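Student: Residue numbers (this note's numbering), protein chains in the order written: chain A, 1 to 320; chain B, 1 to 394.
Think of the hints as simulated: they come from the structure by calculation, not from any bench. All values derive from a computational prediction rather than experimental measurement. The C-beta atom is built at its ideal place from N, Cα and C for all residues, glycine as well. Treat each hint with caution, since some may be false.
To be verified - Now the stretches of chain B that chain A is said to cover, found in silico as 3 or more residues with beta-carbon under 8 Å:
(1) 29 to 42
(2) 143 to 150
As the list claims (entries may be wrong) - To give an idea of the interface, some chain A residues facing chain B are shown, with a C-beta separation under 8 Å as derived from the structure:
(3) A129
(4) F141
(5) V159
(6) V251
(7) L255
Unchecked claim - Straight-line Cα separation of at most 20 Å, DMTMM-like style, residue types lysine to aspartate or glutamate; simulated pairs:
(8) K8(B) x E126(A)
(9) K75(B) x D124(B)
(10) K47(A) x D76(A)
(11) K210(A) x E126(A)
(12) K8(B) x D79(A)
(13) K12(B) x D76(A)
(14) K8(B) x E227(A)
(15) K220(B) x E317(A)
(16) K102(B) x E121(B)
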Amino acid sequence: MATQNVPKIMKQGALAPWLYLLPALIVMSFFIVYPMINTIGLSFGNKNGTAPAETTCAAGEPCWGRFENYRHALTDGIDFHSFWTFWVTFWGTSFGNNLKWIILMTAGTVGIGLAFAVLADRVKYEALAKAVIFMPMAISFVGAGIIWKFVYDYGTTQVQIGLLNSIVTSLGGQPISWMSTPGINTIALIVVGVWIWTGFCMTILSAALKSVPDEIMEAARVDGASEWAAFWRIMVPIIMPTILVVITTMVINVLKLFDIVYVMTGGNYGTDVIANRMYTEMYKNFNVGRGTAVAVILVVVIIPFIYFNIKRFIAQEETR
Amino acid sequence: MNRDRVNKFLSKVPTHFVVIFTLLVWIVPTFGLLITSLRPVQDINSTGWWTVFSPTPVNTSYATYCASCHGADGKALPNADLTDPNVMSKYSRSLQLLALLKKDINGQPHMGSTPLPSPQEAADIVSYLKQPAGTSAAPRFTTSNYVDALVGYRGTRTYAQDCAEGKQSPDLSCTARDFLNPRGMGRAFINSLLVTIPATILPILFAAFAGYAFAWLHFKGRYALFAILVGLQVVPLQMTLIPVSRFYAQVGLNGTFLGVWLFHTGFGLPYAIYLMRNFLGSLPSDLFEAAYLDGASHWTVFRQLVIPLAMPAIASLGIFQFLWVWNDLLVALVFLGGTTPVMTYQISNMVTSHGAGWQLLTAAAFLSMLLPMVVFFAFQRYFVRGMLAGAVKG
Numbered sequence: 001m002a003t004q005n006v007p008k009i010m011k012q013g014a015l016a017p018w019l020y021l022l023p024a025l026i027v028m029s030f031f032i033v034y035p036m037i038n039t040i041g042l043s044f045g046n047k048n049g050t051a052p053a054e055t056t057c058a059a060g061e062p063c064w065g066r067f068e069n070y071r072h073a074l075t076d077g078i079d080f081h082s083f084w085t086f087w088v089t090f091w092g093t094s095f096g097n098n099l100k101w102i103i104l105m106t107a108g109t110v111g112i113g114l115a116f117a118v119l120a121d122r123v124k125y126e127a128l129a130k131a132v133i134f135m136p137m138a139i140s141f142v143g144a145g146i147i148w149k150f151v152y153d154y155g156t157t158q159v160q161i162g163l164l165n166s167i168v169t170s171l172g173g174q175p176i177s178w179m180s181t182p183g184i185n186t187i188a189l190i191v192v193g194v195w196i197w198t199g200f201c202m203t204i205l206s207a208a209l210k211s212v213p214d215e216i217m218e219a220a221r222v223d224g225a226s227e228w229a230a231f232w233r234i235m236v237p238i239i240m241p242t243i244l245v246v247i248t249t250m251v252i253n254v255l256k257l258f259d260i261v262y263v264m265t266g267g268n269y270g271t272d273v274i275a276n277r278m279y280t281e282m283y284k285n286f287n288v289g290r291g292t293a294v295a296v297i298l299v300v301v302i303i304p305f306i307y308f309n310i311k312r313f314i315a316q317e318e319t320r
Numbered sequence: 001m002n003r004d005r006v007n008k009f010l011s012k013v014p015t016h017f018v019v020i021f022t023l024l025v026w027i028v029p030t031f032g033l034l035i036t037s038l039r040p041v042q043d044i045n046s047t048g049w050w051t052v053f054s055p056t057p058v059n060t061s062y063a064t065y066c067a068s069c070h071g072a073d074g075k076a077l078p079n080a081d082l083t084d085p086n087v088m089s090k091y092s093r094s095l096q097l098l099a100l101l102k103k104d105i106n107g108q109p110h111m112g113s114t115p116l117p118s119p120q121e122a123a124d125i126v127s128y129l130k131q132p133a134g135t136s137a138a139p140r141f142t143t144s145n146y147v148d149a150l151v152g153y154r155g156t157r158t159y160a161q162d163c164a165e166g167k168q169s170p171d172l173s174c175t176a177r178d179f180l181n182p183r184g185m186g187r188a189f190i191n192s193l194l195v196t197i198p199a200t201i202l203p204i205l206f207a208a209f210a211g212y213a214f215a216w217l218h219f220k221g222r223y224a225l226f227a228i229l230v231g232l233q234v235v236p237l238q239m240t241l242i243p244v245s246r247f248y249a250q251v252g253l254n255g256t257f258l259g260v261w262l263f264h265t266g267f268g269l270p271y272a273i274y275l276m277r278n279f280l281g282s283l284p285s286d287l288f289e290a291a292y293l294d295g296a297s298h299w300t301v302f303r304q305l306v307i308p309l310a311m312p313a314i315a316s317l318g319i320f321q322f323l324w325v326w327n328d329l330l331v332a333l334v335f336l337g338g339t340t341p342v343m344t345y346q347i348s349n350m351v352t353s354h355g356a357g358w359q360l361l362t363a364a365a366f367l368s369m370l371l372p373m374v375v376f377f378a379f380q381r382y383f384v385r386g387m388l389a390g391a392v393k394g
């Protein structure tokens with residue numbers, strides 16, 4: 001934001017700019033900045049914020065003193081007896097699940113989004129095809145949750161009214177309870193996330209692909225490169241910055257994800273994620289200290305992305 | 001020449017195949033929801049939604065023993081209409097039916113030369129004739145699920161049936177007033193609108209002010225303040241939920257629209273200002289210089305130059321924020337809850353607390369998707385543009 005593009009004649013009145021900023025600054029400090037600081041303070045307190053966290057420690061139990069809520073948030077549900085028990089139990093916690101979400105959902109949305117953007121570019125019904133893939137972005141996660149809960153429906157009788165189990169049984173398999181079988185259920189939920197967010201990745205990647213000059217691709221083809229090689233060696237490197245932005249945006253979105261899990265399983269059967277856990281601690285167990293500690297951990301994980309965002313912004317401004 | 005075209009077509013076949021397959025995977029779940037929401041409840045629970053596309057299932061026992069005289073639809077004999085409930089209610093058990101079939105009609109055996117059905121087959125026929133969609137032309141589609149969802153009906157039959165018999169639950173009056181029943185989706189639709197419209201206008205207004213200052217006014221710390229703003233865009237909502245809800249509880253803002261409007265404004269602003277500032281900053285500076293030379297004040301420039309020129313950005317932001325607030329569950333859950341339920345809350349409540357049947361869930365979900373879909377297909381261009389301008393939103 002170079003100051004040089006502000007006309008000289010406009011540099012008058014020291015107060016005026018702040019009057020224009022005032023409404024936004026007040027609302028943002030009150031609803032984002034102040035509560036963030038307050039949350040950090042509350043995370044070191046007990047369940048209603050009246051005493052420090054160490055007072056909740058029980059004798060003979062492990063205790064991290066003032067960081068007791070963080071101990072609970074980070075170690076609850078994990079068995080530290082051996083590496084093997086740690087490994088197994090970790091993947092059942094909300095952090096383990098969030099890690100699965102990050103890996104599978106980011107790979108799924110970016111992978112399918114990129115592939116579809118490339119393929120749709122070659123057909124005449126491109127606009128329609130892209131609108132269909134993008135459509136889930138307009139509906140709520142709650143609506144999407146219902147749509148897929150119905151696809152995953154598990155009937156205890158012969159008749160399967162869920163599409164997926166109907167396909168499974170018609171192929172001679174046994175119907176599966178997709179929502180309550182650990183291991184399968186988190187994957188089933190991630191599929192819903194991919195269904196919603198692929199349109200977002202596709203749209204942004206498609207715009208980037210279209211900005212790649214045709215001459216470069218033509219030159220590669222003339223030189224005898226196959227479509228496959230041209231895509232991986234030329235297209236992908238050119239749009240790499242955009243791919244990285246999409247990946248980071250997806251990781252942030254996944255970390256905050258709440259509605260799908262809340263509506264489809266309520267975090268039961270080993271499908272809990274960080275955002276739903278925070279909600280459970282705060283609004284079902286009414287434990288302010290534990291709830292805020294989970295929120296702080298969430299923001300700590302996101303800090304690198306905040307840094308990345310600001311750095312990207314500065315780089316953009318310099319090239320303006 | 002011709003061979004080239006054939007080759008070109010053939011080389012694209014795998015592409016078409018993959019694209020169309022993906023499109024089907026994306027459409028079919030939503031399509032299934034729509035079809036299901038229009039089916040009678042008995043059908044939803046007894047057959048998959050895809051069966052509506054197959055011809056009426058014919059019961060083999062009925063076809064073997066009855067169809068030759070009574071017809072495939074059971075209506076062939078006018079004085080023995082099998083779809084008439086008054087006739088069939090006398091034969092609701094297989095023994096009653098078998099007794100009837102053994103009797104002569106007009107001196108002739110009922111079944112003619114055809115052997116009697118076995119008890120098992122007779123039971124099969126009876127249960128087949130009981131089905132409303134069986135022999136009769138019972139409708140395959142109904143709008144009653146939507147009515148039930150709108151009024152918040154929670155019985156085991158349908159709202160219309162209960163009202164016809166005067167058996168409705170105490171909070172329903174069977175008049176148009178029921179559409180405003182607090183448990184129903186009709187009321188939730190209005191609540192969603194009341195939440196969403198101000199929560200869309202407020203942040204855009206404030207962002208236009210701030211965006212103008214960031215783009216065209218000179219003040220100390222402009223760059224640093226804007227960099228902080230860029231960082232704030234990705235702060236998760238969860239980080240501030242607890243202090244704000246504690247504060248709201250103290251000042252009595254919990255469960256009020258004002259509380260939700262302000263919260264959504266706070267979280268919509270970083271992205272809105274970012275977009276607005278980038279858009280306004282790309283306008284030519286001569287424009288502003290000329291206006292100032294003519295003696296216009298900041299306020300005049302803002303009202304008569306900035307707002308009209310910023311319309312494309314305002315449209316993008318408006319659609320973005322509208323969909324964001326309309327589709328939000330977490331904020332509505334925490335700050336509004338059941339006192340003034342919005343659509344997303346009402347649906348999640350149907351799932352988690354009432355275990356509502358598919359007939360209600362599918363209709364309710366589709367009702368909540370109606371307005372976003374219309375907005376999306378009407379203004380898709382602006383939505384995509386807003387997303388491309390800055391792909392990060394808390």
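Student: Quick check on V159(A) please, does its C-beta sit within 8 Å of some C-beta on chain B?
Tutor: Nearest chain B Cβ about 6 Å off; hint holds.
Student: Taken at face value, is the distance from the CA of E126(A) to the CA of K210(A) at most 20 Å?
Tutor: OK: K210(A) and E126(A) at ~13 Å, within 20 Å.
Student: Taking 8 Å as the Cβ threshold, is the statement that the region 143 to 150 of chain B is covered by chain A upheld or broken by the three-residue rule?
Tutor: violated (count 0)
Student: K12(B) and D76(A) were given as a pair; does the straight-line alpha-carbon distance stay at or below 20 Å?
Tutor: violated, 54 Å
Student: What's the verdict on K75(B) and D124(B), does the C-alpha distance respect the 20 Å limit or exceed it?
Tutor: With Cα atoms ~19 Å apart, K75(B) and D124(B) stay inside 20 Å; holds.
Student: Take a quick look at whether K8(B) and D79(A) sit within 20 Å of each other, Cα to Cα.
Tutor: violated, 60 Å
Student: The hint names F141(A) as touching chain B; please verify it with the least Cβ-Cβ distance against 8 Å.
Tutor: holds, 7 Å
Student: Given the hint that K47(A) pairs with D76(A), does the C-alpha gap stay at or below 20 Å?
Tutor: Roughly 16 Å separates the two Cα atoms, so the pair holds.
Student: Between the alpha carbons of K8(B) and E126(A), is the straight-line distance 20 Å or under?
Tutor: holds, 18 Å
Student: Given A129(A) was flagged as interface, is its beta-carbon under 8 Å from a beta-carbon of chain B?
Tutor: holds, 6 Å
Student: Does the structure keep K8(B) and E227(A) at a Cα separation of 20 Å or less?
Tutor: holds, 14 Å
Student: Given L255(A) as an interface hint, is its Cβ closer than 8 Å to any Cβ of chain B?
Tutor: holds, 7 Å
Figure legend: structure checked against the earlier numbered hints; hints not met, in rising order: 2, 6, 12, 13.
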